[in-house]
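Based on the sequences and whatever the hints tell you, model everything.
Each chain, letter by letter, is given below.
Protein chains: 2
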Amino acid sequence: MSDDTLKIQLPEDRIPSHWYNIAADLPVPMPPPLHPATHEPIGPDALAPLFPMALIQQEVSTERDIEIPDQVRDIYRLWRPTPLYRARRLERFLDTPAKIYYKYEGVSPSGSHKPNTAVPQAYYNRQEGIRRITTETGAGQWGSSLAFAGAQFGIEVDVYMVRVSYEQKPYRRALMETYGARCVPSPSTETEAGRQILARDPNTSGSLGIAISEAVEMAAQREDTHYALGSVLNHVLLHQTVIGQEAMVQLEMAGDYPDVVVGCTGGGSNFAGIVLPFLGAQLRGGPAVKIKACEPAACPSLTRGTYAYDFGDTGHLTPLVKMHTLGSEFVPPGFHSGGLRYHGMAPLVSHLLDQKLIEAHAYVQGLCFQAGVDFAKVEGILPAPEATHAVRGAIEEALLCKASGEAKTILFNLCGHGHFDMQAYTDFFAGKLTDDAYDADALAASLSHLPQVA
Amino acid sequence: MSDDTLKIQLPEDRIPSHWYNIAADLPVPMPPPLHPATHEPIGPDALAPLFPMALIQQEVSTERDIEIPDQVRDIYRLWRPTPLYRARRLERFLDTPAKIYYKYEGVSPSGSHKPNTAVPQAYYNRQEGIRRITTETGAGQWGSSLAFAGAQFGIEVDVYMVRVSYEQKPYRRALMETYGARCVPSPSTETEAGRQILARDPNTSGSLGIAISEAVEMAAQREDTHYALGSVLNHVLLHQTVIGQEAMVQLEMAGDYPDVVVGCTGGGSNFAGIVLPFLGAQLRGGPAVKIKACEPAACPSLTRGTYAYDFGDTGHLTPLVKMHTLGSEFVPPGFHSGGLRYHGMAPLVSHLLDQKLIEAHAYVQGLCFQAGVDFAKVEGILPAPEATHAVRGAIEEALLCKASGEAKTILFNLCGHGHFDMQAYTDFFAGKLTDDAYDADALAASLSHLPQVA
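Line by line, the protein sequences are chains A and B.
The first sequence: position 440 = 440 (my numbering), numbered continuously.
The second sequence: position 228 = 228 (my numbering), numbered continuously.
No lab work stands behind these hints, which were simulated from the structure alone.
A quick note: this is a predicted structure, and the numbers were derived from the prediction, not measured.
Glycine included, C-beta positions come from ideal geometry on N, C-alpha and C.
Possibly wrong hints are sitting among the right ones.
No farther apart than 25 Å at their CA atoms in a straight line, the calculated lysine to aspartate or glutamate pairs in the DMTMM-like style are these [claimed, not checked]:
#1 A:Lys-377 x B:Glu-177
#2 B:Lys-377 x B:Asp-3
#3 B:Lys-7 x A:Glu-128
#4 B:Lys-377 x A:Glu-128
#5 A:Lys-377 x B:Asp-224
#6 A:Lys-432 x B:Glu-177
#7 A:Lys-377 x B:Glu-128
#8 B:Lys-7 x A:Asp-13
#9 B:Lys-7 x A:Asp-74
Quick list of the computed label-pair ranges, beta carbon to beta carbon [unchecked claim]:
#10 A:Met-53 x B:Asp-70: 51 to 57 Å
#11 B:Lys-290 x A:Leu-399: 42 to 48 Å
#12 B:Pro-451 x A:Leu-399: 56 to 62 Å
#13 B:Pro-11 x A:Gly-154: 33 to 39 Å
#14 A:Gly-154 x B:Glu-192: 41 to 47 Å
#15 A:Gly-366 x B:Arg-182: 21 to 27 Å
#16 A:Gly-366 x B:Gln-221: 34 to 40 Å
#17 A:Leu-6 x B:Asp-4: 28 to 34 Å
#18 B:Arg-182 x A:Leu-399: 45 to 51 Å
#19 A:Gly-129 x B:Asp-4: 19 to 25 Å
#20 A:Ala-48 x B:Asp-13: 49 to 55 Å
#21 A:Pro-319 x B:Lys-402: 50 to 56 Å
#22 B:Arg-284 x A:Ser-61: 56 to 62 Å
#23 A:Thr-62 x B:Lys-290: 57 to 63 Å
In structure tokens form, the structure reads like this:
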């Protein structure tokens, strides 16, 4: 058999039995979340109105390995283990001596990595007797994933969808509704937070920060309702570590280990999912790995944001968390990677950057889409717009290898397919995608309003 | 581990090494194709302007096992072997004693079974030095699959897309263009066949029969250009037998064998792909299997068509083939399953029905979409509109088992995901999908014009 295609498929008994918690291996612990009024560290109880206790415990745990419940692993088996590919055709196309591998999360029911955390979140809520979950979604990947997970456990799901994505991606909404969820464009008139924003700016395109405020507000009002977040929080990043753990076993089967690991970052969860197991191994004395976060130039929290305590939402309903932030008032331009539109970055990922354990790079969307088209032509899989940032970052590393003659091993996470995002590709071909930059004045103004924490 | 999910995954060395050719096992051979003027059987040479000789030989071969070239198997490995699932959640939802399995072809780059034949067709054309392939497409599943395959072998692809689908499914077009193909709404003004149709009916919604005429006409004009068909022909059905062969091994691993095998039929290829290996085993003395073709009530070639010699296209450029046909002038209503809009049925599938080796049933689209929504909620995967006909057919069998108390084993082919077809689901939820019936008068008129073959 010819061997252009190297797909490394694990048997299903190799789905990880535990999530990997990097808190056990961090040389410096993360700064704690603070109460928004007192600026004192908050305890787990403060989160109890929004999350089941099992998830709150995971949020603050320092245990290295956290067991994955049987019922969660059972649903994981619908699409996990996901394949790892060696991108030989891409290597030839780039004429690089580098070896490029990618982990493909697009085989899940919603076409992205998001069900990895949606399923355990729905599971733990169900265990606590919760009947309804509210959430926000950007591109719709998270909303449709939680809708799928809710359907599996008989939980109602209400999704507040960033307005610009609600309009650009009606088909993600249809998918949520097929799974039985209710989908509301955000900001909406259903919440106090939404009504305030609409009063100030009736034509706002919305943002994840606003949608979070609405979902949190609705969950806080009802006993039988909790809130779920698709990224940012420690327990969400924890659930995604199945990606990197599987990739590590698959690379071992290929007799390889990465020199560079690349992921795209919006809230930080797919990035954390692929990199944390490798970073943890490094922290425990294993091989050093260059870890590269790829973010959109239009929403550059890691490369242009400030590392400071800030609110997770625009309505200031959440605790203060220390993160790389553009300020909770920052509204990014309406570029297409809806999943990368968050004003902040996961506190854990922010901490890793602050500790110089990872690097961050920002890319304009035109270059990312071109990378996505090149990738689709040679490798066959069409990446989601978000994932094209990781493709672009990996190609950049491979081209550096071409220049230097080094045969590095590059691993990246292809976090989802782009079958729901064809309008963005259509716009790209029509030359309609400008390389949106953020508004520097708006960023400065937003950052000037960061909460003052001693 | 809880075991609600039973996914049977084969190692990649179990991708079949050969395609299975049922011509070797047919008790009565198929009627030959005829020359449209002389009504004499035509020889392989007559097809040489359109197809490479390797495919023409497969078209007429009676060899049971035809080797799959290494380069084709290598590309198959991007998504094959595909998973087989036991639909335990669907069984519970239906409260049926039946065991339901489904083979899932939606994991391919274009999200359907079509690349199984697109890749070998591009390969054999490339071997013969062909630079360009023309084709038609209905829903776009075939066009995007051939575009993907063409990109793998450096072949230009021109796709004539049925106008109603071109308009309803702009995103399939974007996918074809991402893979580098050119996509033209059919009927077009590029061809004599298209211009004639447009002169008669400028507002026609198009049909596969018309689009085939255009693609054939363009291919016949140029030495370096061939034509490719995504269904209907023997060699296309042959290539799809990887589906059923894998399913047979996977069921064996589960310790099972089907009593009933179900597939949806448009041109007949995904249906043939899943059923032929089981039917072949039966013909060679193996267990008897009930085989059920599920077609749309709006385009009911197997259940309402005539078994007669007819043209494969509307422009009467093709040889005459004996098949269940609605007449080559039949234009079905613009219902959503664009992949099931063909006026005829594969001659091989038609022959099997005529020989009473299979059954056929027609379903209205409302019931099919409801089956698709029910399936998505319990099993997680959203079926393509075409595939919902197979889901519906399988559910019907399971409900028969519930009534009779029989614990039959049902296998069906879930030939593609519906991520490109969300407009159809949106219309279904909005109550806009009428249960389109065919126009009985138009059918009678169309059938009255069948060519008279002695």
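Tested hints:
A distance of roughly 10 Å separates the Cα atoms of Lys-377 of chain A and Glu-177 of chain B; the hinted pair therefore holds under the 25 Å criterion. Between Lys-377 of chain B and Asp-3 of chain B the alpha-carbon distance is near 18 Å, which keeps this suggested pair within the 25 Å criterion. Proximity of Lys-7 of chain B to Glu-128 of chain A is assessed by CA-CA distance (about 29 Å); at most 25 Å being required, the pair is judged violated. With a C-alpha separation of about 22 Å, the suggested pair Lys-377 of chain B and Glu-128 of chain A falls inside the 25 Å cut-off, and the hint holds.
Using a Cα cut-off of 25 Å, the hinted pair Lys-377 of chain A and Asp-224 of chain B holds, with the two alpha carbons roughly 22 Å apart. A C-alpha spacing of about 16 Å is found between Lys-432 of chain A and Glu-177 of chain B, which places the hinted pair at or below 25 Å, so the restraint holds. A hinted pair counts as satisfied when its Cα atoms are at most 25 Å apart, and Lys-377 of chain A with Glu-128 of chain B qualifies at roughly 22 Å. Distance restraint check for Lys-7 of chain B and Asp-13 of chain A: the Cα-Cα separation of roughly 11 Å lies within the 25 Å cut-off, and the hinted pair is therefore satisfied.
Restraint check for Lys-7 of chain B and Asp-74 of chain A: the C-alpha separation of about 10 Å stays at or below 25 Å, so the hint holds. For the pair Met-53 of chain A and Asp-70 of chain B, the supplied restraint of 51 to 57 Å holds, since their beta-carbon distance comes to about 56 Å. Taking 42 to 48 Å as the suggested C-beta distance range, the pair Lys-290 of chain B and Leu-399 of chain A does not conform, at roughly 57 Å. Judged by the Cβ atoms, the range 56 to 62 Å given for Pro-451 of chain B and Leu-399 of chain A holds: they are separated by roughly 60 Å.
Look at Pro-11 of chain B against Gly-154 of chain A: about 36 Å separates their beta carbons, and that is inside 33 to 39 Å. A hinted range of 41 to 47 Å for the beta carbons of Gly-154 of chain A and Glu-192 of chain B is inconsistent with their spacing of about 59 Å. For the pair Gly-366 of chain A and Arg-182 of chain B, the supplied restraint of 21 to 27 Å holds, since their beta-carbon distance comes to about 23 Å. Against the hinted window of 34 to 40 Å, the Cβ-Cβ separation of Gly-366 of chain A and Gln-221 of chain B comes to about 38 Å, which satisfies the hint.
Restraint check, Leu-6 of chain A to Asp-4 of chain B: a C-beta distance of roughly 32 Å satisfies the suggested window 28 to 34 Å. Our hint of 45 to 51 Å for Arg-182 of chain B and Leu-399 of chain A is violated, since their Cβ atoms are close to 30 Å apart. Range check, Gly-129 of chain A to Asp-4 of chain B: about 21 Å between beta-carbon atoms, so the 19 to 25 Å window is met. Checked against the given bound of 49 to 55 Å, the beta carbons of Ala-48 of chain A and Asp-13 of chain B, roughly 51 Å apart, stay inside it.
A hinted range of 50 to 56 Å holds for the C-beta pair Pro-319 of chain A and Lys-402 of chain B, which are about 52 Å apart. One distance hint, 56 to 62 Å for the beta-carbon pair Arg-284 of chain B and Ser-61 of chain A, holds here, with the actual separation near 59 Å. Judged by the Cβ atoms, the range 57 to 63 Å given for Thr-62 of chain A and Lys-290 of chain B holds: they are separated by roughly 58 Å.
Checked against the numbered hints given earlier, the structure breaks hints 3, 11, 14 and 18 and satisfies all the rest.
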